[in-house]
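Asker: Residue-level listing of the chains:
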Amino acid sequence: MNITINGELLNVNNKALVEVLQSFGAAAPFAVAVNSEFIPQSQHSNYVLNEGDSVELLSPIQGG
Amino acid sequence: MQTKGCLTIYGEQIKSRLLIGSALYPSPDIMTQSIVASGAEIVTVSLRRQQSAAAGDDFWQLIKNTGLKILPNTAGCHSVKEAITLAKMCREVFATDWIKLELIGDDYNLQPDPFALLEATKILIKDGFKVLPYCTDDLVLCQRLNELGCEVLMPWGAPIGTGKGLLNSYNLKTIRERLPDTTLIVDAGLGLPSHACQALEMGYDAVLLNSAIAGAGCPITMSRAFKAAVEAGRFAYKAKAMPEKDVAAPSTPTMGMPFWHQQ
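Going down the list, the sequences are from chains A and B. Taking the numbering used here, the leading residue of the first sequence gets 1, the next gets one more, and so forth. Taking the numbering used here, the leading residue of the second sequence gets 1, the next gets one more, and so forth.
I should point out that these hints are in silico values taken from the structure, not numbers from a laboratory. All values reported here derive from a predicted model rather than from experimental measurement. Backbone N, C-alpha and C fix where the C-beta goes; we use that ideal spot for every residue, glycine too. Some hints could be false.
[To be verified] What follows is a set of in silico ranges between Cβ atoms, one per label pair, in the way DEER data are often shown:
1) B:S194 with A:E51: 53 to 61 Å
2) A:S36 with B:K122: 17 to 25 Å
3) B:E12 with A:A28: 23 to 31 Å
4) B:P26 with A:N6: 21 to 29 Å
5) A:N11 with B:Q143: 50 to 58 Å
6) A:G25 with B:E177: 51 to 59 Å
With the rest of the complex left out, here is chain B (with noise of 0.2 Å):
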C-alpha cells in the first residue's frame, strides 16, 4: 500500500493522487484549464482514426503543452487482438510503454471483461508493456492480474459515465486488504469530489476520472473540487478514521452536568 507522500506507478512517483481524462470538455480551451486546475500529472488520450489532420495535431499540440505523463487507453476494443494492436499502436504514438488497458465485455454498461483482459494483459506483459487494466471490482479477477506482472490495478467503482459513485464499497474494500501492496486506483463512474474522496478515504491509492469534471457545469472549477477531495481523503486515509459505533455517545463531558436527574 502506498503509506508514503507519493503515488507510485510502475516505479515511477506521482505527487497528484488523481489522474484525469482528455475527453468530452466544451471546448479545448476548457480541456487545458480543467487539466491545469485539477493539480493532475497524468492525463489520459487514445488513438482513433485520422480525419482531420490539423484538428488531431491541435489536441496533441494542447496535450503535449500541459507537460504532463501520457497515460494512453485502448477504449472501445471488443476483442484481444485489437487491444493488442491499439496497444502497440500507443506504444509507437505516444512513446511510453504504459497503457490502460480497456476491453469491454459488454456494451450496456461497459462492463470490463474479465476473460479478454487476463488474455491480453499476459500478451501485453510479455511484450514490455506496463499495464494498468481498467477491471470490475472482483477480488480474484485482481488477485490474477497482480500475478500477472501488473503492479497497478484500476477497479470501476460504477460503469464508465455514470457518475454512480462506488456502487460496491464492500467489494473494493476487499481488494484494498487482500492486495495491500498494489497500486489501487478507482477508475470510472465518478460523479462528486466525495466518491473520490471516500476512494481514497478507505486507502485506495489514487483515482482516475474524466465525465465528473468535462460533464459539470463548470469543469474547471469542479477540477478543483475534485483536487481537494482527493488531497482530504488521502490526509483522511493516513490520519485513521475513528471506530463505528451503533451506540451513541456524548462528546461533551456528563461529569457536573447542572439540572441533573433534577425532572
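Next comes chain A alone, as it looks inside the complex (with noise of 0.2 Å):
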C-alpha cells in the first residue's frame, strides 16, 4: 500500500496507523494528521491507513 509521511512517498505493509509511525521512526513529541484532518492521540492505536493517505508528523519548532 502506497501512502506519504511529510511529503515523502512510502510502500507499507501495515495499515495500522501506530505501526507505520514506528517504522518511520516517529519521536515524541509529535502530531498527526491524515489528509488534513487532525488524528488525536488517543485514536493513533485504533486508526487504519488507507491507499494513497497522507500523514503528516508534526514536532515542535522554533516560531515567531
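Each of the two chains sits in its own frame; use the hints to bring them together as a complex.
Answerer: Next up, the structure:
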C-alpha cells in the first residue's frame, strides 16, 4: 500500500497508523494529521490507513 | 484596558508586557539567553514536519527548560482548514488551549486574511480554544473578533519581519479607544525598542516580537533594550503624557528676566 508521510512516498505493509509511525521513526513529542484531518493521540492505536493517505507528522519548532 | 500592574491574557496574570518569539536566532544558546534577558513570560513556538527527531527535541528541551508559558502559532497557514488542523495539533503537543492564530492572505506582505480569520476564530472558540488572533489594524475587524469572544487581539504594527514600527498609529490608537476593555498586543513589524515604547505609551497592553531581537547584531543586548523600553512605555502611559501644543511655551520663568526689553 502506498502512502505519503511528510511528503515522502512510502510503500508500507501495515495499515495501522501507530505501526507506520513507529517504522517511520516518529519521536515524541509529535502530532499527526491524515489527509489534513487531525488525529488525536488517543485514536492512533485504532486508526487504519488507506491507500493513498497523506500523513503529516509534526513536531515543535521555533516560531515567531 | 489593563490599568493594574499585570497583563491579563484570558484570565491569567502576566507580569512582563513583552512576548518573545523563538525563531531566527544565530544559535540555540543565544536564543535561550535572549529569551531569559527579555524577562518575557510567554514564548511563541510552532509545529513543522519532523525531520531530525534529535534536533527538534533539543529545541523543545531548551524551551521547556525556560519554564515559560507556551504560545503556539499557526504561522504559514493560508486556509481556514489548515489553521484549524494545525491549531488542534498544537493543542495536543503543547498542552495549551492558547493559539496565536495566523492566517495569511497575501504572500507579499504576509498580511492576515481578515475574512478567513473571522471564520477560523469562530470555529476554534467553539472548540474551546483561547484565540489570540494576529490581525491587521482594522477597527471593524478587531470589533468583530472581539464579538466572537477574543479577549486578546494582536493587530500588526507593520508586516512581519520588516522592522518598520507602527505604520498607522492613528488606526492603532482608534482600536485602543474603541476597545478599552480588550487586551491589545501589537504583534509584528517592530524593529526598535522605541517602537515598543510607543505602543505601550498609547495604551497597548503588550508587544510581541521576534525578528527585532533575533536579527539584531547582539540579540541578548537588544533583548534587554526591549525589556526596558516596554517598561518605560508602560510607565509613561500610566503617568499620562502632557498635552501636545502647536505653540512654544517657555519652561524657564520669564518673571524677573534681566535685560528685559532693553534692546
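Asker: Take the hints in turn and mark each one as holding or not.
Answerer: Checked hints:
no.: 1; hint: B:S194 with A:E51: 53 to 61 Å; verdict: 58 Å, holds
no.: 2; hint: A:S36 with B:K122: 17 to 25 Å; verdict: 19 Å, holds
no.: 3; hint: B:E12 with A:A28: 23 to 31 Å; verdict: 27 Å, holds
no.: 4; hint: B:P26 with A:N6: 21 to 29 Å; verdict: 27 Å, holds
no.: 5; hint: A:N11 with B:Q143: 50 to 58 Å; verdict: 53 Å, holds
no.: 6; hint: A:G25 with B:E177: 51 to 59 Å; verdict: 54 Å, holds
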